[in-house]
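Chemist: Residue numbers (the numbering used here), protein chains in the order written: chain A, 27 to 497; chain B, 27 to 497; chain C, 27 to 497; chain D, 27 to 497.
The set of hints was computed from the structure by calculation and includes no laboratory data. Fair warning: this is a prediction, and the values are worked out from it, not measured in the lab. Beta carbons are placed, not taken as given, at the ideal position from N, Cα and C, and that holds for glycine. Just to be clear, a hint being listed does not mean it is correct.
With the C-beta cut set under 10 Å, the calculated list includes, among others, these residues of chain D facing chain A [said to hold, decoys possible]: (1) 81; (2) 85; (3) 117; (4) 124; (5) 131; (6) 153; (7) 155; (8) 247; (9) 466; (10) 487.
Listed here are the chains, written in short residue letters.
4 protein chains.
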Amino acid sequence: MLAEIKGLNEECGVFGIWGHPEAAQITYYGLHSLQHRGQEGAGIVTTDGDKLTCMKGLGLVNEVFGNGKLNELSGKAAIGHVRYATAGGGGYENVQPLLFKSSHSGSLALAHNGNLVNATQVKHQLESQGSIFQTTSDTEVLAHLIRRSGHIDMKEAVKNALTMVKGAYAFLIMTETELMVALDPNGLRPLSIGVMGDAYVVASETCAFDVVGAKFERDVQPGELLIINDEGIRSERFSMNINRAMCSMEYIYFSRPDSNIDGVNVHTARKNLGKRLAVESEIDADVVTGVPDSSISAAIGFAELTGIPYELGLIKNRYVGRTFIQPSQALREQGVKMKLSAVRGVVEGKRVVMVDDSIVRGTTSRRIVNLLREAGATEVHVRISSPPIANPCFYGIDTSTHEELIAANHSVEEIRQIIGADSLAFLSVEGLLEGIGRPYEGEFKGQCLACFTGRYPTEIYPDTVLPHEKV
Amino acid sequence: MLAEIKGLNEECGVFGIWGHPEAAQITYYGLHSLQHRGQEGAGIVTTDGDKLTCMKGLGLVNEVFGNGKLNELSGKAAIGHVRYATAGGGGYENVQPLLFKSSHSGSLALAHNGNLVNATQVKHQLESQGSIFQTTSDTEVLAHLIRRSGHIDMKEAVKNALTMVKGAYAFLIMTETELMVALDPNGLRPLSIGVMGDAYVVASETCAFDVVGAKFERDVQPGELLIINDEGIRSERFSMNINRAMCSMEYIYFSRPDSNIDGVNVHTARKNLGKRLAVESEIDADVVTGVPDSSISAAIGFAELTGIPYELGLIKNRYVGRTFIQPSQALREQGVKMKLSAVRGVVEGKRVVMVDDSIVRGTTSRRIVNLLREAGATEVHVRISSPPIANPCFYGIDTSTHEELIAANHSVEEIRQIIGADSLAFLSVEGLLEGIGRPYEGEFKGQCLACFTGRYPTEIYPDTVLPHEKV
Amino acid sequence: MLAEIKGLNEECGVFGIWGHPEAAQITYYGLHSLQHRGQEGAGIVTTDGDKLTCMKGLGLVNEVFGNGKLNELSGKAAIGHVRYATAGGGGYENVQPLLFKSSHSGSLALAHNGNLVNATQVKHQLESQGSIFQTTSDTEVLAHLIRRSGHIDMKEAVKNALTMVKGAYAFLIMTETELMVALDPNGLRPLSIGVMGDAYVVASETCAFDVVGAKFERDVQPGELLIINDEGIRSERFSMNINRAMCSMEYIYFSRPDSNIDGVNVHTARKNLGKRLAVESEIDADVVTGVPDSSISAAIGFAELTGIPYELGLIKNRYVGRTFIQPSQALREQGVKMKLSAVRGVVEGKRVVMVDDSIVRGTTSRRIVNLLREAGATEVHVRISSPPIANPCFYGIDTSTHEELIAANHSVEEIRQIIGADSLAFLSVEGLLEGIGRPYEGEFKGQCLACFTGRYPTEIYPDTVLPHEKV
Amino acid sequence: MLAEIKGLNEECGVFGIWGHPEAAQITYYGLHSLQHRGQEGAGIVTTDGDKLTCMKGLGLVNEVFGNGKLNELSGKAAIGHVRYATAGGGGYENVQPLLFKSSHSGSLALAHNGNLVNATQVKHQLESQGSIFQTTSDTEVLAHLIRRSGHIDMKEAVKNALTMVKGAYAFLIMTETELMVALDPNGLRPLSIGVMGDAYVVASETCAFDVVGAKFERDVQPGELLIINDEGIRSERFSMNINRAMCSMEYIYFSRPDSNIDGVNVHTARKNLGKRLAVESEIDADVVTGVPDSSISAAIGFAELTGIPYELGLIKNRYVGRTFIQPSQALREQGVKMKLSAVRGVVEGKRVVMVDDSIVRGTTSRRIVNLLREAGATEVHVRISSPPIANPCFYGIDTSTHEELIAANHSVEEIRQIIGADSLAFLSVEGLLEGIGRPYEGEFKGQCLACFTGRYPTEIYPDTVLPHEKV
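I would like the entire structure built from these sequences, with the hints used as guidance.
Modeler: As structure tokens, this is what we get:
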């Protein structure tokens, strides 16, 4: 919901399991715990060793699989997917997993989190060879590459196909008899494996393991291909060109606070970012408040370090659903608010530090600063627990185009004026790296910082399109 | 949602407006901000000066009034109601406002928050005089009393009827030409009035005023009857037997943190309760966490006073809707969780203070203590920011029967063992009164404490029924 | 559906059963067979001897009771109701049966087919005595009268109440332990009883008996009150002022062709009307066609007597549902048609006799004549198997007001010109009586002919309102 | 609906238009008039000259495009499709038109009525070349063939692809700038073109032209490819091996009575079949009745020729929708009926001729004979207006397998005994050909009679699958 406010949208979440009699049910709960990664659609494909069965639809996990429909999905293994909410485009066709049935060579189901940067080129090439596409999704590209690889052995076909796609991807690929799991050579998206009795599970975030009662085993490594079947699990490499660059926004904004990424707890990382921010940009104030939900941890950290009391200065309405009626322009001007309310009893007459995790277009920040002033705040100091986002993301996060990014076009002082704050400070890139505190060396220190620095860990092609530009 | 977990359910919320061209829209937003007070059904009645129009239905405010249906409600004034979720009973018939059409004496719409303690008796009496009832709601009783009062003047008829009902009530009564607002002589339920340009608004909580852009004017007084029409607003008394006893659970649990009740901000009151609790029951620990959402403020206060860091140790899943599929017994035992997750990265290896606002049946507390232990907490100290609930509520809060209340049947030490905590402490009644800090003298110090002390501010009749016992 | 086209709407249909373990299911199928009598809403109330349970909703029987909801209705007896589709007004509140719960004197469920002519007066009187009304339905009036009768014995209370209402009614009245069935002293609405093993059934039309596998026993008599309970069935009289006047439109238009009314099969009656019509208004033509569905029987009779071949010259689209999208004005002018199509292959170059059962406002007739001409008919001769409707109905059929009735304001020749026919003839009143052929003597010969003749079998009050005038 | 009873299901219906500003609306009404050809799903693709837009879904045309959704489909041209109801399989993926988007060579939308007999083989071949399939529909095969043809010119690519598929097909193929229309060399499925001002329309049945106000131009010829674009219409041949064999069941059962196929009106053809049947199998009886809706015309013809009165002896319930609740076994045995009722008032004590259009499995016939006997018929003589169906259909009609066809396994006398009729007669093949009366010479006399004679007009491959056998 708040995602809509901010203009930051995650692409997707994936979950898979092999070797459990209630595979579809487990996947349902797993997807449910990943619902924050995508609300537009959801799907599950199961295998009973013999046949793949697919169910998917537009809407929340609850809506797609409610009313007993889940019972139609039997089998010992499953993969599932939640898809993000985008304004235009999309629709049912793009809901994943995609299922490709073949009359003689077995079926293939694919679920993908991420974004390929050379999808357009590969697609052109495939089409000139006679391939036809029914979706605008990158995943379909991989399916064609697998089928056309010429390899009879499925594993080799997949490895071969993976070498031809560039960008960010966590792939789950399931046939009647195998589950394959692949992560791109930069490890741009989180992906972990766990165990649950005799079953293996795989998920975009570790919170899914806690929810289904599985035990975290380890993170999938960049460039790794895992093959899971009734004989067990096998790890192979499909690329030697490894350079870890985990998406920083996963720590800052997207992932659930109870997930661990690469061994670092997300809530703790955010709290540390808040502390670093407090060190970097001191301010004298009466109360600290965070923009719910994603900035709460950073705000707590900020308050803890500065000793300024942490308060619930902003309240999010939990009942703003998709059918919510927008107020008319007249009512909006009269002050009808939804989604977020400032707590007058807390901020009236106070100097407020408002901690937020990021600024994308600036419109939300301006609105919140305004809310706080209307509720009586005498000063509003905005502190952002990440550096300015000045570059678009090509790896699966819908951060808007270059033109819309306020930090791509304005100085910090200009942004302060635009959003109407008394002061404004962003966290530094160094502060970000140290706050997260992962032990990586090398070119990117283990983090993708492209949206802040413009240094992309992969090649970017002239026709690489942003997710929301696809139709 | 959590309400369901806990077994504590608010009865309702009401909102009214007189003198605004978009009365129904404003009421919609007002009800939306009161949605936490009732999720089973919602309704709005408008008047255009000539005719009352009603729309209501089962479901959330969004669902009942979505798809353009709101536009069918025109008029300059409106009253609305949200109704709480109860297991059995209920259904469409009991969704409010109730509308009574009369062919010769004008129509009457009623919305009610609270519970009457002599409804059964009055109903018996009315039925023996030939009245027939279509609902099981107390509100219908008041309508009959008004119509049978013999007074031709509506205001006198209402005042007369009000003297015959006992218990807790905030009533909105609307005819074609007038809006009447009444609060019971103990002021058991919150009710405030505000202004919005030339219009008057009235709401169960002040958060509704902030959301619609209205200015808070004052709280409705116990025993007060307000008459609002095109000429303005008039205040009268219908009872001289005033003894303020505001429901304590409104501060502790029900109201939104951004509401002010009787001049006291709810979040601030809760934070103070957390501080008092910390003073009363010290503990040495590593982290403080609150049970979301209602206990967050108290946990912050507890952390602030003790200096123990406040952390997000428990996460609530925002997407648990009504259609959520419950895991099978087998899966539940395997550890499939929903709604609430413990954050392993925060609690593992830590001594945890878990602050909660209340314990009703104890089952939820036991489950949460268990969650924390499974996530690696070495000690779990439960601190409750209210006294033990040992008596049922007859005034509109569905606290379960005497048999189900754990504190009615067990000592604190027994409860500690049942929920499996390393230590357990409740706030004292004095701590509660001081924490809230309202300036009342007199028998009840301005607060209803009946659920803690058993001293009810009104007479209780032998056949007074709990809300969930009605069929 | 066609009802909408024509502007003729039946009020309702009722079904009841006593003494069957699957009472609700049987009632569901019974109501389903009466669906043509009302499509706006449906409801069922069951009793298990101890408690009445109600389920109702807007929509078709299928929609209201689908998805397993029917299983919630247990008990050995039930009454049900289907309600007609009216433009404005209505809504959930008026869906029947109405259920009145009483805390000390037992509950009461009522289902009503018909219309009371003195409802407004009785309501006024009741309101002046303090009664309040939640619906605009006449049924609620009867409930008040029963409760206020002063009689402790239910049967006496009902008889007393029935003497106070005037007009057309078939009432089903159910308490926890009894089913009462009453028909007005003129027997204006059809109502029959049957047996089904040990159970008794009652229905608006005998087609319901065939559908549920019950055996027709006899028609309920005008002024009769039947009391059915676990001891059996008992017949009493509540009025001595009997004068049978069965609604003629039931034969002509409303009832299902497979129903028998007063011993006369509806299809056969219609076919006879078609034959009489052929005798009264001969014409030389090539084909006979009927307007589906209600005029098919008359058309067959017309063809049979004249020897002119009967053909399917008009086809009704079976899939025109409530969500059907109306064509824009531009498309309508271009000729986009729905609901009804003329069969070019049948009427092209032919002189066509178009048999219809009635003309209300004339707009539909004009449209159908036009359809036939566009499809190539060289002549269109309209034959109506009933007399001109020149007077409104106050007994439960929504025939529009006096102003809208074309035959109230125009001669036959004028109507012919308005609808654009080459010739037009109506059946005579004598032809109608003979065609139906019921063996009654007396003032009305057993038939209500008021809409044709203006002679109403009951008193009509100055403030008697037409059904669609209620709000 | 009755289709379900009988076990005969049409595959689909198609509609297309080029050159009208309200193309989607027109297509909606066109599809609506073809709804009897398929009720499982519906879809429309429009082009605005630049981009193809698709909307489709499961359900009736009304349901898929209701609630204003149609407005999202803009453009000057459109193709649409209705899909038949099959028990298993199917689902959203197979709803047509299928849309294939290409990033560099333009998009392609396809709608198909019919069934290919060599789909399995072609699919195998394509898959071995790397093609992947997302649906089980034959249409996807054609899309692959078009894309892989190697021809740059779209028209040539389509012609080339058409030569590779065998079986029955009416194809609509739309790109951004062209609408192509193709009919198989045997012309097994009906397909006609019409004009509507400057626009061209194409439809499976001519009834669609009458509904949208278009003028019938001519039938599409077997082996013809029409290319329609902004310059006009062009006709080409893609096969020289023409041998007309129109599906006989279109005349007998499927098409709407108001459609003309190959110049012959369907109602008239059916009436003639009824007359021929009367000549071939005389019988002495009191009434003739037809099984609604498809056998009404034949029954009228039978009655007309014999002079036995035609009556409505069987009534179909119009409100049996998809959500209808099936009676339990116990209730079914007690006689609860739905869908079809016998009219006791018509058949009691009579010798009844029951005319039906066909017998597939015999179960429906047995049930209807039984219905008539229960309603009092003294004799039931069944007359079938087509020859015995003894062979499965591979061309798009779901007639069940060989094992299920009663006439494939039993003599006429055996069938008579099974269905419990007093006498039974089928129409002869010669009677069928003469009754329809089309002026064709040659091998098949213009009609496909394969289901009666076993002589299929195309080759049948060992792995040709029946429609309902696809998964």
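Chemist: Hint by hint, note whether the structure agrees.
Modeler: The hints, checked one at a time:
no.: 1; hint: 81; in the structure: holds (9 Å)
no.: 2; hint: 85; in the structure: violated (14 Å)
no.: 3; hint: 117; in the structure: holds (8 Å)
no.: 4; hint: 124; in the structure: holds (7 Å)
no.: 5; hint: 131; in the structure: holds (6 Å)
no.: 6; hint: 153; in the structure: holds (5 Å)
no.: 7; hint: 155; in the structure: holds (8 Å)
no.: 8; hint: 247; in the structure: violated (29 Å)
no.: 9; hint: 466; in the structure: violated (37 Å)
no.: 10; hint: 487; in the structure: violated (14 Å)
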